[in-house]
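2 protein chains.
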Amino acid sequence: MKSDIILLGHGSGGKLSHQLLDDIIIPALSGIAQSEQNDAAILARPDGRLAFTTDSYVVDPIFFPGGCIGDLAINGTVNDLAMAGAKPLAISVGLILEEGLPVSDLEEILQAMRQAADKVGVNIVTGDTKVVPRGKADKIFINTSGVGVIEHELTICGSGARPGDKIIINGTVGDHGMAVLASREGLELESTIESDCAELHSLVEAMLAVGKEDIHVLRDPTRGGVATTLKEIALQSQMDIELVESAIPVNDNVGGACAILGLDPLFVANEGKLLAVVAAEKAEQILAAMQEQPTGKDASIIGTVINKGAGRLSLETVIGGKRSVEMLAGEQLPRIC
Amino acid sequence: MKSDIILLGHGSGGKLSHQLLDDIIIPALSGIAQSEQNDAAILARPDGRLAFTTDSYVVDPIFFPGGCIGDLAINGTVNDLAMAGAKPLAISVGLILEEGLPVSDLEEILQAMRQAADKVGVNIVTGDTKVVPRGKADKIFINTSGVGVIEHELTICGSGARPGDKIIINGTVGDHGMAVLASREGLELESTIESDCAELHSLVEAMLAVGKEDIHVLRDPTRGGVATTLKEIALQSQMDIELVESAIPVNDNVGGACAILGLDPLFVANEGKLLAVVAAEKAEQILAAMQEQPTGKDASIIGTVINKGAGRLSLETVIGGKRSVEMLAGEQLPRIC
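In order, the protein sequences belong to chains X and G.
Note that my numbering has the first sequence beginning at 2, numbered continuously upward.
Note that my numbering has the second sequence beginning at 2, numbered continuously upward.
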C-alpha cells in the first residue's frame with residue numbers, strides 16, 4: 002500500500018505520517034528510534050556560548066550540478082554557525098512537501114542531507130514535515146536551524162573590521178548562482194558550471210588555529226554575492242573598503258556566462274565561500290593555512306579596509322579605474338538558495 | 002518607492018531585502034540593531050541541558066478566529082519546548098513569502114509573533130526571509146525553531162508512562178482544528194468556534210512546581226489530535242491505556258460541528274492543549290494546580306494507564322461500550338497548522 006509520491010495524508014500527523022517518518026525520513030536523517038522521538042531533542046549542557054541560526058531553502062531546480070537542495074540546506078546552516086566561530090552541535094530539519102513529490106526525489110535529498118551532516122560530524126536531532134496541496138508549494142522547501150558551541154573567547158562579527166585589515170576570500174566567486182541559473186534555464190555552455198556548495202567549518206577551524214584574535218569578521222557571501230556582503234560589513238563596521246578586481250578569482254566558465262548574460266560575478270551567490278577580514282600582519286599566515294585546505298586552495302587577498310568612514314565599498318577595476326559598489330538592487334537571480 | 006506587496010526582490014539578499022528587514026521585520030520581531038546582525042545569534046552558556054525543536058506552519062487560512070499563523074508559530078514551538086520541561090531561551094523565524102503577499106498582512110502576523118513571544122519572555126534572535134514567485138507557495142509559510150534550557154534533572158518523555166498513571170488534559174478538545182476548518186470552508190455556525198492557540202509554558206511551570214518527578218509524560222495533541230498522541234505514548238511506553246469518553250471536555254459548538262461533518266473530536270488538532278501522564282497518587286494535586294491557571298481551568302482526568310502491553314488505546318464510550326482507538330488514518334483536515 003506504499004505510495005511512490007507524497008500524499009496529503011503524509012502530513013496528517015496520523016498513520017501515513019508515521020509511516021513516512023519511520024520508513025524514510027528517520028532512517029535517512031537520524032536513526033533515532035521511535036521510542037526516543039519526542040517534541041524536542043535534548044542536548045547535554047554545552048561547554049561554551051551558543052550560536053543559533055536558521056535558513057529556509059527554496060532553490061529551483063532542487064537538483065543542480067554540484068549539489069541539491071539537501072546538502073545545500075545542511076552546509077548553509079553549518080556555515081552560518083562557522084561564521085560565528087562555532088562548532089555545529091545539532092541541526093533541525095523542517096520539510097514542506099508539495100503533494101505529488103516523488104518519494105525517490107525525497108529520498109535522494111535526505112541522503113544528501115545526511116552525508117553533508119556526517120561530513121562535519123553534526124547530528125540531525127529534531128524535525129517536522131508538512132504537506133501542502135499541489136500548486137501550493139514548489140516540490141520541496143527545507144528549513145534547517147542549527148545550534149553550535151563557541152569553545153573560545155573570540156568575538157567574530159560583522160562590526161569587527163579595522164583600518165588596515167585585509168579581505169580574504171577562499172576561492173572563486175559566483176559558481177553556485179551561475180550553476181543554478183544555467184541548470185534552471187537550460188543554458189548550453191562549453192563546460193558545465195558546478196556549484197561550490199561545501200561546508201566551511203573545517204576551513205574556519207584551520208583559520209582559527211593560526212589566526213585567533215586577528216580574525217575580525219567572517220561571513221559567507223550567499224544571496225547578493227561578495228559585493229553585497231562586503232557592503233554590509235563596511236556599513237556595520239563603519240569602515241571604507243577597497244577591492245582589487247584583478248585579485249578576485251573567477252572561473253572562466255562563470256566569467257563567460259556572466260558576460261553573456263550581463264551579470265556581475267561580484268553579485269552572484271556562493272555556497273562554499275567565506276570572506277574573512279583579518280589583521281594585516283597575520284594575513285599571509287592565515288592565507289597560507291587556508292590554501293592547505295580543500296575549500297581554500299584558491300584563496301586570495303582581494304582587498305583592504307582603508308579607513309573609518311561611512312561604509313563605502315569601492316573597486317579598483319582591471320583597467321585601472323575606481324568605481325563605487327552598492328548592494329544588489331532588485332532581484333537578479335531568484336531562488337538560488 | 003515602497004511597495005504595498007511583497008516583491009521577488011525582497012528575497013534577493015540585496016537592497017530590497019535590507020529595506021524589508023530594517024523597516025518591517027526587525028523592528029517588529031526583535032529590535033536587534035543592524036550593526037548587531039550576524040549569520041548566527043550568540044547566546045550565553047545555558048545553565049542546564051538544552052531542548053531543541055522545530056516546526057513549520059502552513060495553516061490555511063492564515064488568519065482564523067482566535068489567532069493567526071504568527072502566534073500559532075510562536076506558541077507551537079514554545080509548547081514543544083515546554084513538553085520537555087524546558088524554559089524557552091531563544092526562537093528563530095524562517096519566513097517563506099509568496100510574491101504578492103500584502104505587506105499589511107505580513108505586519109499583522111509579525112506583531113502577533115512578537116506579542117506571543119513577549120508573553121512568555123522569549124526573544125526572537127535570528128531569522129531568514131525567502132520570497133518565491135506567485136503560485137509557488139501559499140501566501141506565507143513560517144518555520145520557528147526553539148532552544149530551551151532544562152533547569153532540573155527530571156526526564157519527561159513519551160516512553161515514561163507507568164501502570165496506574167492517570168491521563169490529564171488541560172481543557173476542551175478539537176477547538177483549533179474546527180476553528181480553522183470552519184473559517185476555511187465558511188461554515189455558518191450558531192456561534193463562532195475559536196482556536197485554543199495558547200502558550201503552555203506557564204501551565205507546565207505550575208505543574209512542575211507541584212508534580213516534579215511524578216510527571217512522567219507531557220505532550221501536546223496537535224495534528225492527529227488526542228487519540229493519535231495518546232496512541233503514540235502507548236506505543237512508546239509499551240503500555241495499554243484506557244480513556245473515559247464522558248470525562249473528555251468538548252465545547253458544545255465543536256461537538257455539534259464535528260457531528261454534522263462526521264468528524265471525531267478526539268482526532269481533531271489542538272494548539273493550546275497538553276496531555277500529562279502522571280503518578281496516580283499525585284494526580285489530584287497536579288489537576289488542582291492546573292485548574293488555577295488560565296489555560297488549565299477546564300482540566301480533567303480522562304483516563305488511566307492500565308498495564309504493560311502492546312500499546313493498545315481503548316475508549317469506554319458514553320453508552321458504556323468499549324472500543325479500540327487507532328491513529329488517525331488518511332488526511333482528515335489538511336493544513337490546520
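In case anyone wonders, no lab produced these hints; they're calculated from the structure.
Some hints here could point you the wrong way.
Where chains are identical, the list cannot tell them apart; a pair therefore holds if satisfied intra-copy or between any two copies.
Straight line, CA to CA, 25 Å or less: simulated DSS-like cross-link-like pairs of lysine-lysine [claimed, not checked]:
1) Lys323 to Lys167
2) Lys3 to Lys213
3) Lys16 to Lys309
4) Lys16 to Lys283
5) Lys16 to Lys213
6) Lys323 to Lys16
7) Lys283 to Lys3
Bear in mind the structure is a predicted one, so any value in this text is a computation, not a measurement.
Structure versus earlier hints, numbers of those that do not hold, lowest first: 2, 4, 5, 7
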